[in-house]
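Colleague: For reference, the chains in residue letters:
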Amino acid sequence: MNNSLIIGRKEFKDILHSGLFLTVLQLLLALTATSVIVSSLVFKSQVSSYQSSFHILKELGKQPGGPEPQLFPLNLLRGAVDYLEIAGAILGILLGSLTIAREKNTQTLKLILTRPVSRKDLLFGKMLGNATFIGIVLVFVGLFAFLSLVFVAGAVLALTELIKLLLVLVISWIYIMAFFSLAAFLSLGMRTLSNALILAFTIWLVFVLILPQIGDTMDPDNQVPGGFFNSIHFNKEQEKQVLARFGSYENARNFIEELSVTKHYERTAFALFGIKPEFNGMQVPDILGQKWFDILVTVLFFATGTFANYSILNKKDILVWD
Amino acid sequence: MKNSVTIARHEIQSLFRERTFILLLAVFAAMTLASAYIGWSSQHTIDQVYIAAAEQMRQSGKVAPPSPFADYPHLALLKNMMIYITLIGGLLAISTGYAAGMRERKAGVVKLLFSRPVGKEEFLLGKLLGIAFVLAAVMFLDAAISLVSSAALVSLNVQDIIRLFSFYGFSWVYLLGFALLGFSSALVKDDEVVALLIPIIFWVAITFVLPELASALYPTGSLNPTLPQTDILQSPTLQTIHGAVYPFSISEHYKETAATILNINADAPVHSGILNIVTTFCWMLLCLAGSSIAVRSFDKTRW
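Going line by line, the protein sequences match chains A and B.
Here the first sequence stands for residues 1 to 322, where the numbers follow the working numbering.
Here the second sequence stands for residues 1001 to 1303, where the numbers follow the working numbering.
Bear in mind the hints are in silico, worked out from the structure with no lab data behind them.
Ideal Cβ positions, reconstructed from N, Cα and C, are used throughout, including at glycine.
Check each hint, because a few of them may be wrong.
Unchecked claim - Okay, derived cross-link-like pairs now, DSSO-like style, lysine-lysine, Cα gap no bigger than 27 Å in a straight line:
| hint | chain 1 | residue 1 | chain 2 | residue 2 |
| --- | --- | --- | --- | --- |
| 1 | A | K104 | B | K1111 |
| 2 | B | K1106 | A | K110 |
| 3 | A | K104 | B | K1106 |
| 4 | A | K104 | B | K1189 |
| 5 | A | K240 | B | K1062 |
| 6 | A | K62 | A | K120 |
| 7 | A | K236 | B | K1062 |
| 8 | A | K44 | A | K276 |
As the list claims (entries may be wrong) - Estimated spans, in silico, between C-beta atoms of each pair:
| hint | chain 1 | residue 1 | chain 2 | residue 2 | range |
| --- | --- | --- | --- | --- | --- |
| 9 | B | A1029 | A | L113 | 17 to 23 Å |
| 10 | A | G247 | B | A1029 | 29 to 35 Å |
| 11 | B | D1071 | A | T304 | 44 to 50 Å |
| 12 | B | V1109 | A | T108 | 25 to 31 Å |
| 13 | B | K1120 | A | T304 | 46 to 52 Å |
| 14 | B | E1121 | A | N105 | 31 to 37 Å |
| 15 | B | A1064 | A | E278 | 41 to 47 Å |
| 16 | B | A1029 | A | T108 | 27 to 33 Å |
| 17 | B | G1169 | A | G247 | 40 to 46 Å |
| 18 | A | L60 | B | R1058 | 37 to 43 Å |
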């Protein structure tokens, strides 16, 4: 354990010295701020649009229709979740690749293993250093999101909302660590680092962007700007009645989406942030109870990656490249 | 010129021998093949959904509006390709340019190469020709796959075929910019990983961040070829941001032009079409200028 701590501390210092910390932190903070600012402006625009329609209808002597848009502060973090999905996974891949690249480029893996350091110590030390780094970056992102909500959107967060924000940060940490494990595994297993990195990015492309994209574009409601059912003035109940006739198509679409770990992460984060309206106001245990499968898949992805790294590191021929 | 052709030929042969390039190409070709089927399947289902919704409206005594999908052009089934070009194509182009810039460095032959009578201009021209040819071959392969897969699902006329090839030709211009960005970064950055990270950050910014700022699109919302309605026109602040950022939102200009070429966006005003095309070409030329500067500043005695 002591060895793991020493390796972890060294790993963390190396990341800080590489300049990656500041670049990544600035990038993620800028993306979080962008998403909160744009979402707040969109929300304000929806409120002012509602109010102007309300006055026009009142002047015409008609009864206004739907309720005024209500601000659920965590909804404004939807863009931030999208960025964590995309840029967070990139961060994980880069860290996973760099942690192995450092040993490969300096040819120090054999040297470390000649000391009384087990391969388990080495793996957990490297994971510890990177996990700490990712955790600190996420704490900064969380704090920045909180401050942006308070000062940009003028929102007041209740304790439950703070707990939800914290839980999203925890699940984001697991999600990013899963991509870290994937990239470390590929870098350990492949001879050329840049090939391993491009392969990791190809897998990232398929799981983070393409599979969710296919599922999203197959959604019948997404075929018309503003939504097909909205364009024919169908409410959610009528939409459900129609779509019930296309069960197998919807199942196929859902299956494609569920192949992506990103979609499971997104569903959990969206539920906690109440981006799907049915989760707004729901208690945390109820949300976790409904989303247990999505959480489990994300955790399993991370666990599989860790196990794969441990297995490959225990292979004798892994030292050939050193 | 002869040296440039030799460098270009070597570049083309080397790229087609690289396993990662072949892997990305295979993913791209597979998605091109799948794209027509996904487009056709969604369109077919949504037609059925419309019929079911219209029937339900008639049963409740309402008049069903005309189908919004009645006049969909044949090539609408390729609309997902616009997204795959920006996603997979962008990454493929970056890896192509990056590999071209790194090749001599990694092989340790930079000094050897420039000890021969080869000038930097010839080196640049050779690399550019190689990259441009490889991307053109990729686009041609995709065009052929799209043509065959679309023709198997719908009947295409001559105009459709011209539009299809024009779409891939225009996509080539867009992707060339990313390839040149990857090439420049590989030449000027010492660290291999940072050299790859920089063009990827540009790609994330162009594909996701600028559309969010310019059109209030959520990052994953940019992945849908049918763009959601946004509320920028209601907000003076968003309008101001839109005015400042939109001219630089290259991926939006690309997607709008691509939609017009595929006849999906037939109502687009002419002036915005010209702006879109000019912006995309400017993007490519800017990256070309960047490559030229990178080659000129490249220290050939260093590697």
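Colleague: Are the hints correct? Go through all of them and say.
Modeller: Here's how the hints hold up against the structure:
1. Taking the CA atoms of K104 (chain A) and K1111 (chain B), the gap is about 25 Å. The hint holds against a cut of 27 Å.
2. Distance restraint check for K1106 (chain B) and K110 (chain A): the Cα-Cα separation of roughly 23 Å lies within the 27 Å cut-off, and the hinted pair is therefore satisfied.
3. A C-alpha spacing of about 15 Å is found between K104 (chain A) and K1106 (chain B), which places the hinted pair at or below 27 Å, so the restraint holds.
4. Among the hinted pairs, K104 (chain A) with K1189 (chain B) is consistent with the structure: their alpha-carbon atoms are about 19 Å apart, no more than 27 Å.
5. For a cut-off of 27 Å, the pair hint linking K240 (chain A) to K1062 (chain B) stands: about 18 Å separates their Cα positions.
6. A hinted pair counts as satisfied when its Cα atoms are at most 27 Å apart, and K62 (chain A) with K120 (chain A) does not qualify at roughly 72 Å.
7. Between K236 (chain A) and K1062 (chain B) the alpha-carbon distance is near 18 Å, which keeps this suggested pair within the 27 Å criterion.
8. Of the supplied pair hints, the one linking K44 (chain A) and K276 (chain A) holds, its CA atoms being roughly 19 Å apart against a limit of 27 Å.
9. As the Cβ distance of A1029 (chain B) to L113 (chain A) is approximately 42 Å, the hint placing it in 17 to 23 Å is violated.
10. Range check, G247 (chain A) to A1029 (chain B): Cβ separation about 32 Å, and the 29 to 35 Å hint holds.
11. Judged by the Cβ atoms, the range 44 to 50 Å given for D1071 (chain B) and T304 (chain A) holds: they are separated by roughly 48 Å.
12. For the pair V1109 (chain B) and T108 (chain A), the beta carbons lie near 27 Å from each other, so the given range of 25 to 31 Å is met.
13. In this structure, K1120 (chain B) and T304 (chain A) meet the distance hint of 46 to 52 Å, their C-beta atoms being roughly 48 Å apart.
14. At roughly 33 Å, the beta carbons of E1121 (chain B) and N105 (chain A) sit within the given window of 31 to 37 Å.
15. Look at A1064 (chain B) against E278 (chain A): about 29 Å separates their beta carbons, and that is not inside 41 to 47 Å.
16. For A1029 (chain B) and T108 (chain A), the Cβ-Cβ distance of about 40 Å falls outside the hinted range of 27 to 33 Å, so the restraint is violated.
17. Judged by the Cβ atoms, the range 40 to 46 Å given for G1169 (chain B) and G247 (chain A) holds: they are separated by roughly 42 Å.
18. For L60 (chain A) and R1058 (chain B), the hinted distance range of 37 to 43 Å is not satisfied, since their beta carbons lie about 30 Å from each other.
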